[in-house]
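Same order as they appear, the protein sequences are chains S and W. Note that the working numbering numbers the first sequence so that position 463 is 625, with each residue one more than the last. Note that the working numbering numbers the second sequence so that position 292 is 454, with each residue one more than the last.
It is worth saying that the hints were derived from the structure and are not from the lab. Since the model is a prediction, treat every value here as computed from it, not as a measurement. Any given hint could turn out to be false.
You can't tell identical chains apart in this list, so a pair holds if it fits in one copy or across any two.
Unchecked claim - With a straight-line cut-off of 20 Å between C-alpha atoms, the simulated PhoX-like cross-links for lysine-lysine are:
(1) K228 with K191
(2) K240 with K471
(3) K549 with K527
(4) K582 with K417
(5) K527 with K214
(6) K549 with K471
(7) K582 with K609
(8) K588 with K609
(9) K683 with K549
(10) K430 with K214
(11) K214 with K582
(12) K609 with K191
(13) K252 with K240
(14) K191 with K683
(15) K228 with K429
(16) K527 with K588
(17) K252 with K214
(18) K683 with K588
Number of protein chains: 2
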Amino acid sequence: MEPILLYDTTLRDGTQGENISFSAEEKLKIALRLDDIGIHYIEGGWPGSNPKDLQFFELARRHPFKHARLAAFGCTRKPGRRPEEDHHLKALLGSGAAAAAVFGKSWDLHVTRVIETDLEENLAMIRDTVGFLRQNGREVVYDAEHFFDGFRRNRDYALATVAAAAEAGADVIVLCDTNGGTLPFDIGPVFAEVRGRLGSVRLGIHTHNDCGLAVANSLAAVAAGAVMVHGTVNGYGERCGNADLTAIAPLLCLKMGRPCMSADNLKKLKSLSRFVGETANVVPMHSRPFVGRSAFAHKGGVHVSAIMKTPAAYEHMDPELVGNQRRVLVSDLSGKSNVEYKARELGIELAGDGIDSRRIVSEIKQLELGGYQFDVADGSFKVLIEKLTDNFQPLFELESFRVTIEKDREQPCQAHATVKIRVGGKSEITAAEGYGPVSALDNALRKALGRFFPDLDTMRLSDFKVRVIDGSRGTAARVRVLIDSRDQDHIWSTIGVSEDIIEASWQALADSFQYKLAREKALRSARQEPLPLKMA
Amino acid sequence: MEPILLYDTTLRDGTQGENISFSAEEKLKIALRLDDIGIHYIEGGWPGSNPKDLQFFELARRHPFKHARLAAFGCTRKPGRRPEEDHHLKALLGSGAAAAAVFGKSWDLHVTRVIETDLEENLAMIRDTVGFLRQNGREVVYDAEHFFDGFRRNRDYALATVAAAAEAGADVIVLCDTNGGTLPFDIGPVFAEVRGRLGSVRLGIHTHNDCGLAVANSLAAVAAGAVMVHGTVNGYGERCGNADLTAIAPLLCLKMGRPCMSADNLKKLKSLSRFVGETANVVPMHSRPFVGRSAFAHKGGVHVSAIMKTPAAYEHMDPELVGNQRRVLVSDLSGKSNVEYKARELGIELAGDGIDSRRIVSEIKQLELGGYQFDVADGSFKVLIEKLTDNFQPLFELESFRVTIEKDREQPCQAHATVKIRVGGKSEITAAEGYGPVSALDNALRKALGRFFPDLDTMRLSDFKVRVIDGSRGTAARVRVLIDSRDQDHIWSTIGVSEDIIEASWQALADSFQYKLAREKALRSARQEPLPLKMA
Numbered sequence: 163m164e165p166i167l168l169y170d171t172t173l174r175d176g177t178q179g180e181n182i183s184f185s186a187e188e189k190l191k192i193a194l195r196l197d198d199i200g201i202h203y204i205e206g207g208w209p210g211s212n213p214k215d216l217q218f219f220e221l222a223r224r225h226p227f228k229h230a231r232l233a234a235f236g237c238t239r240k241p242g243r244r245p246e247e248d249h250h251l252k253a254l255l256g257s258g259a260a261a262a263a264v265f266g267k268s269w270d271l272h273v274t275r276v277i278e279t280d281l282e283e284n285l286a287m288i289r290d291t292v293g294f295l296r297q298n299g300r301e302v303v304y305d306a307e308h309f310f311d312g313f314r315r316n317r318d319y320a321l322a323t324v325a326a327a328a329e330a331g332a333d334v335i336v337l338c339d340t341n342g343g344t345l346p347f348d349i350g351p352v353f354a355e356v357r358g359r360l361g362s363v364r365l366g367i368h369t370h371n372d373c374g375l376a377v378a379n380s381l382a383a384v385a386a387g388a389v390m391v392h393g394t395v396n397g398y399g400e401r402c403g404n405a406d407l408t409a410i411a412p413l414l415c416l417k418m419g420r421p422c423m424s425a426d427n428l429k430k431l432k433s434l435s436r437f438v439g440e441t442a443n444v445v446p447m448h449s450r451p452f453v454g455r456s457a458f459a460h461k462g463g464v465h466v467s468a469i470m471k472t473p474a475a476y477e478h479m480d481p482e483l484v485g486n487q488r489r490v491l492v493s494d495l496s497g498k499s500n501v502e503y504k505a506r507e508l509g510i511e512l513a514g515d516g517i518d519s520r521r522i523v524s525e526i527k528q529l530e531l532g533g534y535q536f537d538v539a540d541g542s543f544k545v546l547i548e549k550l551t552d553n554f555q556p557l558f559e560l561e562s563f564r565v566t567i568e569k570d571r572e573q574p575c576q577a578h579a580t581v582k583i584r585v586g587g588k589s590e591i592t593a594a595e596g597y598g599p600v601s602a603l604d605n606a607l608r609k610a611l612g613r614f615f616p617d618l619d620t621m622r623l624s625d626f627k628v629r630v631i632d633g634s635r636g637t638a639a640r641v642r643v644l645i646d647s648r649d650q651d652h653i654w655s656t657i658g659v660s661e662d663i664i665e666a667s668w669q670a671l672a673d674s675f676q677y678k679l680a681r682e683k684a685l686r687s688a689r690q691e692p693l694p695l696k697m698a
Numbered sequence: 163m164e165p166i167l168l169y170d171t172t173l174r175d176g177t178q179g180e181n182i183s184f185s186a187e188e189k190l191k192i193a194l195r196l197d198d199i200g201i202h203y204i205e206g207g208w209p210g211s212n213p214k215d216l217q218f219f220e221l222a223r224r225h226p227f228k229h230a231r232l233a234a235f236g237c238t239r240k241p242g243r244r245p246e247e248d249h250h251l252k253a254l255l256g257s258g259a260a261a262a263a264v265f266g267k268s269w270d271l272h273v274t275r276v277i278e279t280d281l282e283e284n285l286a287m288i289r290d291t292v293g294f295l296r297q298n299g300r301e302v303v304y305d306a307e308h309f310f311d312g313f314r315r316n317r318d319y320a321l322a323t324v325a326a327a328a329e330a331g332a333d334v335i336v337l338c339d340t341n342g343g344t345l346p347f348d349i350g351p352v353f354a355e356v357r358g359r360l361g362s363v364r365l366g367i368h369t370h371n372d373c374g375l376a377v378a379n380s381l382a383a384v385a386a387g388a389v390m391v392h393g394t395v396n397g398y399g400e401r402c403g404n405a406d407l408t409a410i411a412p413l414l415c416l417k418m419g420r421p422c423m424s425a426d427n428l429k430k431l432k433s434l435s436r437f438v439g440e441t442a443n444v445v446p447m448h449s450r451p452f453v454g455r456s457a458f459a460h461k462g463g464v465h466v467s468a469i470m471k472t473p474a475a476y477e478h479m480d481p482e483l484v485g486n487q488r489r490v491l492v493s494d495l496s497g498k499s500n501v502e503y504k505a506r507e508l509g510i511e512l513a514g515d516g517i518d519s520r521r522i523v524s525e526i527k528q529l530e531l532g533g534y535q536f537d538v539a540d541g542s543f544k545v546l547i548e549k550l551t552d553n554f555q556p557l558f559e560l561e562s563f564r565v566t567i568e569k570d571r572e573q574p575c576q577a578h579a580t581v582k583i584r585v586g587g588k589s590e591i592t593a594a595e596g597y598g599p600v601s602a603l604d605n606a607l608r609k610a611l612g613r614f615f616p617d618l619d620t621m622r623l624s625d626f627k628v629r630v631i632d633g634s635r636g637t638a639a640r641v642r643v644l645i646d647s648r649d650q651d652h653i654w655s656t657i658g659v660s661e662d663i664i665e666a667s668w669q670a671l672a673d674s675f676q677y678k679l680a681r682e683k684a685l686r687s688a689r690q691e692p693l694p695l696k697m698a
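Given the sequences, and given the hints that come with them, work out the whole structure.
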C-alpha cells in the first residue's frame, strides 16, 4: 500500500484559531520541529495575504529542512485575470516553496454568491492556476474547498472542478470538508465517485472538527484511498479546529497499519504537542488523546488495582510509544491500591508493619469529601501520608501570623503580613508586603525561613489556583487553593481547603515549604552532608 | 425507527476525569438540568462505592425528576457470593433508583487476571446479578465492560457474557469500549455479530475518547442498531473523556435524522454545557463542537465577508439551533454593534447624541485584554457603561476599609473588617467578622449600607468564583473574582480583576451593591416612591 503523507497546516490554518498567533520566528521554530518529527509537508502560510507570512518564507529559505517539503498557500487566479498577472500567484512563486497549495471553489453556491462569477469561469480559473504553477515547476496540491458540501448540492459540478484540476496536472487533489459538517459515513461513497471520475490521481483529505469528527473523517478517507492527510498540531484551527495530527499519526501507524511516522519520531509526539502549545501560549488540554497529561491517568480504584496486575486492563496502548506516561491519581474514587501505588512512587512503603492502609484510605476519603483533592497535589499527599504514619518531622512550626489589607478611596489595596515561626528551639518573626495577602504571607514566611535554610532561594511558586467548592453559600463558601512550586529540577503541588481563603492558602503554602525542606534534607542525607541550619 | 435514548453519566463516569469533582448538592443541580433538557437516563453514581454518591441518592429521592429515569451504578456480585449478600447490590437497591446499571466482564483477560476467577463463574455472576435486580423490580442496563477488546481476543466468550445478561432479563445490553481503543470501522461488524447471537434485545453503546473517536464510534453504533447512547456533558471523563453528549444530541437530531431531543431542548445545549463546566469550575473549551464559544466564530477576512453574503458559506448549521451564536472576531465595526446591542438590552441607548461608542468599545476591549470578561458579568457591565457615559450616580462611596486576618498555631484563621462609607453627605463606619476576609468585608459593608437602605435585606450573594488569569506568576498572578447576587426576583453578576484577591473581590462586591441599589432606586422612581434614606 502507498505510504500516507502527513501535511501540516498549523502555521496557516492553525493560526485561524481564536487566540492562536505566531511571529515569523515562532513559525520557523515550529517548522523545524515538524521537520524533525518527520512531517512530509509543512504549509508555512499565505504569502500573498500578509506580510508576516512573507517574512516566514524568507526566514525558511535560510534554514532548509532535512526531510519536509515546504508548501505555500494561495487561491486560484481572480476572475477575468491571467495567472501571470495575479498578485497571489506571483507571491506563491516568490515564496521559494517547492510545493504550492491552492484552493478553488467546488460548491456552485460559492462560485455564484461569494466570488460572484460564473460556473465556467471558475473551471477555467482552476485549470489556469494549476497549469501555471506546474509550468513553473511547482508541485501542486489542489485543495477542493467545500468539496463535500458542493458534492451534496451539485454533484456534477463538484466533480467537474476536481477534474479540471487533475487535467491541468495537479499532483494531489485534496477533498476539503471546509465547514466541518460531514459525517464519516459520507466519506467513502464520495471518494469512490471521485476515484471513478478521476482515475489514478492521488487524493488527500482536509477536515474540520465542527462535529467532533475531524479525526474520524480523516481515517475514513484513508480507508477509502486518500494518501495525504491535512491537519494541525493539537488540532488548532478556526471554530472547532482542524484534524489533530497528534492523534492521526499514532492512529494510522499503530491502529490502522498505515505507517506515516517512524517509531522513534512517534515518541516525540507529546513533546511536539507541548512545544506548539507553549509557543501559542494556550492552556494545554489535559484530556487530549495520546499526548495529553491525563491521556493515561487512572483515578478509579478498580482501574488502578487492575493496571497494577496488567496495564492492558485499562490502557489501549503503551503510553511510551507516543512519549507519554502512565499516571495514577489519588482521589475519593480511589481505593487502597491507588494510595499504596502513589505512596510507593514517593518512596513510602505502606504495606509495611503496623501500618493500617485501610485507615489511611478512609482518612483521605474523609478529607476529599471536605474538598481536598490529592490527585492534583502530590506534595500535600506526601506530607499527609507522613502525618498519618507518624513519620512527619516538621522542619518549622507556625507560632502566629497577622495579615492586614488596607484600602483608601480609589487607591489600590495594600497588604502586609507578619509571620512568627519556630525552627528547632529558636523563633523568628518577620514582616513583608506583597501583591495581596497571600503574596505578603509567602514573602514573610520565605524571609523567616531564609534565616535558617539557604536552599529556599531556588524555590519559586509557579502557579496558584483557587476554586470555590460550594459556591452557593456566597462568600461563606469553602475554597480550595492549589499551589504549584518548583526549584531547578523538580515541580510539586500542594493544597489547602477552608472557608477562609487565607487559611486555605496558608495550608498550601506551609505544605509546599515543608515538602521542599524535607526533600533538601533527604538529598543532603543521601550525600551525607549536614543540614545547614544557618542559625544552629 | 426506534427513538434513541440518551443516557448521561456525567455524575458517575464524568467524575472520573482529572479535576472533575462535584458535591452531592452540585450533583443534584446538574441532575435537575439534565432532566429539564430531556435526557432519558441520569446515572447518579455508585452508591456502594462512596459516601458522596449515597448522599446524592438521598437528595434525589426528595427531588423527583419530571421525565428522566434515575440510574444507580454498580458491578456484578463478588465471585462465590450470593447476590442478596453482596454489599454493592444491596446499595443499588437501597439507592431507590428505578434503573440499575451493572457492569460485568466480557474480556477473558479481566476475568482471570483482574478479578481472578474462572470463566464459568463470571458468567454465573452476570446471570445472578441481572436476575436478582430484575426480580427486585429494577430496570437493568447491563454494561458489557471491555466488550470490543474481549471480542477481538476471545469472540465466543465475549458473546457468551452478553448472552448470559440477555437470558437473565437485562433490558438493555450496552457494549462498552472501556479503553477507548476501538476504531469506527470495527463497530458495525461487532454489532452485527451481537445482534445475530442475541436476537431482538435492545443494544446500547458506551465509548471513551482515547483515540479522539468517541463521538464517531457512538454514531457508528447507532447506524448499526444501538438505541441507547451513553455519554457525558462536555465529554468529561477519565483519561481523554467519554463521548460528548453535547455533540451527540445535535448530530443525531440534526444530521442523522434520529431524533432524541426536542428542538426546544436542543436550544438549551450551550447553556447546559456552560452550567456543568462552571459547576466543575473547569476552564471552558472554546473550540468544543456545537456549544463552544468559538464554535461559530469567524476570524479570517475571506470567511467574514462570505458569511455576510450567506452564512451557509462557512457554517455547517444555524448556531441558534443549539443555543449558540455566530461571532465575528475581526472588525471593529462588529465590536461596536455588539456593544450597542448589549447596552440596549440593559436599557442604555449608546447610539444617542454625543456618545462616542467607538471610544467605549475600545475601553471595554482594553479591560477585557486585562482579564475582565463582561459577557459573564452583566451587573458590572451596566455599571461600567454608566461610568463611561457619565451616567453613573454612586449610591455610596468608599472612604476606606481595613481587613485583618490572624492565625495562632493550629487555631483557625480569624478575619475582621472595618468599612467606612459615605452616603449623601453622611459617613458611617462599621466592623464585622466573617468566614474569611471577603466574607468579613461583605458583612461590614452590608451593615454600613443597612443604616441607609432597608432593601438590602433581601439581597444575597449566591455564588463566588475565583480564577487565576495568569497562573505562571505564582502569588503575584492576577485573579478574576466573579460574584453572583440575587434578590427575590432577579440575579446579577459582577466582576473584579486585580493582582490582589481582596481588591478584586472588593470591586465585584461594590459593583454588586451599586447595581442593586440603582435598581431599587429605578423601581421606586417608576412607582413614584421616594428612596427611603433611613437617615436622611
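Status of the hints after comparison with the structure:
Taking the shortest alpha-carbon separations for K228 and K191, only the intra-copy value of 14 Å comes in at or below 20 Å, while the best inter-copy value is 56 Å. In the homo-oligomer, the alpha carbons of K240 and K471 lie at most 20 Å apart only across protomers (18 Å), although the nearest pairing inside one protomer, at 64 Å, exceeds that limit. Within a single copy, K549 and K527 get their C-alpha atoms as close as 15 Å, which meets the 20 Å cut-off; across copies the closest is 49 Å, which misses it. For a Cα distance limit of 20 Å, the shortest separation of K582 from K417 qualifies neither inside one copy, at 60 Å, nor across copies, at 65 Å.
Taking the closest pair of Cα atoms, K527 and K214 come within 20 Å of each other only across two copies (10 Å); inside a single copy the shortest separation is 43 Å, beyond that limit. When the C-alpha separation of K549 and K471 is checked against a cutoff of 20 Å, the pair qualifies neither within a copy, at 29 Å, nor between copies, at 64 Å. With identical chains, the CA atoms of K582 and K609 are at most 20 Å apart within one copy only, with a shortest distance of 11 Å there and 33 Å across copies. In the homo-oligomer, the alpha carbons of K588 and K609 lie at most 20 Å apart inside one protomer (15 Å), although the nearest pairing across protomers, at 44 Å, exceeds that limit.
For a Cα distance limit of 20 Å, the shortest separation of K683 from K549 inside one copy, 17 Å, qualifies, whereas the shortest one across copies, 56 Å, does not. Taking the shortest alpha-carbon separations for K430 and K214, neither the intra-copy value of 28 Å nor the inter-copy value of 41 Å comes in at or below 20 Å. For the identical chains of this complex, K214 and K582 are neighbours neither inside a copy (43 Å) nor across copies (39 Å), given an alpha-carbon limit of 20 Å. Within a single copy, K609 and K191 get their C-alpha atoms no closer than 31 Å, and across copies no closer than 45 Å, so neither meets the 20 Å cut-off.
With identical chains, the CA atoms of K252 and K240 are at most 20 Å apart within one copy only, with a shortest distance of 12 Å there and 73 Å across copies. In this homomeric assembly, K191 and K683 never come within 20 Å of each other (Cα to Cα): the closest approach is 33 Å inside a single copy and 48 Å across copies. When the C-alpha separation of K228 and K429 is checked against a cutoff of 20 Å, the pair qualifies only within one copy, where the shortest distance is 19 Å, while the shortest distance between copies is 51 Å. In this assembly of identical chains, K527 and K588 lie within 20 Å of each other by CA distance neither inside one copy nor across copies; the values are 36 Å within and 53 Å between.
Taking the shortest alpha-carbon separations for K252 and K214, only the intra-copy value of 17 Å comes in at or below 20 Å, while the best inter-copy value is 66 Å. Taking the closest pair of Cα atoms, K683 and K588 come within 20 Å of each other only inside a single copy of the chain (19 Å); across copies the shortest separation is 60 Å, beyond that limit.
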